[in-house]
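2 protein chains.
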Amino acid sequence: MSTGLTTTSKERLRAWLKILKTARLIEKELRERFRTELDTTLPRFDVMAALARSDAGLKMNELSTELRVSNGNVTGIVDRLVDNGLVERRAVVGDRRAQLICLTSHGAATFADHARIHEGWVDELLADLPASDVEQLMDLLDLVITKEDLS
Amino acid sequence: MSTGLTTTSKERLRAWLKILKTARLIEKELRERFRTELDTTLPRFDVMAALARSDAGLKMNELSTELRVSNGNVTGIVDRLVDNGLVERRAVVGDRRAQLICLTSHGAATFADHARIHEGWVDELLADLPASDVEQLMDLLDLVITKEDLS
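Quick mapping for you: the protein sequence lines, in order, are chains A and B. Start counting the first sequence at 1; every next residue gets the next number (our numbering). Start counting the second sequence at 1; every next residue gets the next number (our numbering).
Here chain A stands alone, though its shape is the one from the complex (with noise of 0.2 Å):
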């Protein structure tokens, strides 16, 4: 019993470990062809991502929660995207001190050309992961992630 114990929590590592491996090497390839075919970086790529997602922009504590990263960090971030003319700061009505980060037109077809890019890039890292395998593999990682503490 605490041997068939030890075999799954040993099994469970192996998977995580090839998890956490595959995501890293796939991520390191985009992070450095974000940089040098795009002059851009993963980060800059996610904010643009979420604004886009977003109707009518996010508000900074918004912007850092669905990135999970600190409003610190989502600040530095917007303040270059600003300064690129990629996205722009937007007064809320009726709210004096919040603002809402948005995409401006030329960050929006800017992260529209980047996103297909980045499809692309995806599709041919991930060429040999047959589509009608896809749904298996996202079946298989739900069971990984259906943790309270980790949704």
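For the record, the hints were derived by calculation from the structure and aren't laboratory data. Relax, there's no trap hidden among the hints.
Here are the computed lysine-lysine pairs in the BS3-like style, where the Cα-Cα straight-line distance is at most 27 Å:
1. B/Lys10 with A/Lys21
2. B/Lys10 with A/Lys28
3. B/Lys18 with A/Lys28
4. B/Lys28 with A/Lys21
5. B/Lys18 with B/Lys28
6. B/Lys59 with A/Lys21
7. B/Lys59 with A/Lys18
8. B/Lys18 with A/Lys18
Since this is a predicted model, take the numbers as computed values, not measurements.
Following the hints, position chain B against chain A.
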């Protein structure tokens, strides 16, 4: 046909985003537990794990290659581990400039303890993943990272 390709690339993108989300959620939880329950960090644990896997210890460049992080980052982590008496630098016979980084006996015992606790955390966090599904998940993830440029 082009629709087929698009569908496939969208499926692969879904799979990648799921892998990334899964890895980030579990890693975030483990980082938090290392900090709050063991007063250490995931990078420190990773360095000790690499040293525990080596028989004679590792040179700095071997360590940073194995961990896929910069020499500079590893140096800072090793310095702190040395300060804590968990790791020591040994001269290499016949190579005055080279040093081998090794776990001290205290470090080896501490790592064994932490590794056991870490395995328990992973077993708990992945409790919904049956050991019988692990092989299948490993096989699917193998399809994701078979690329030359990722190995």
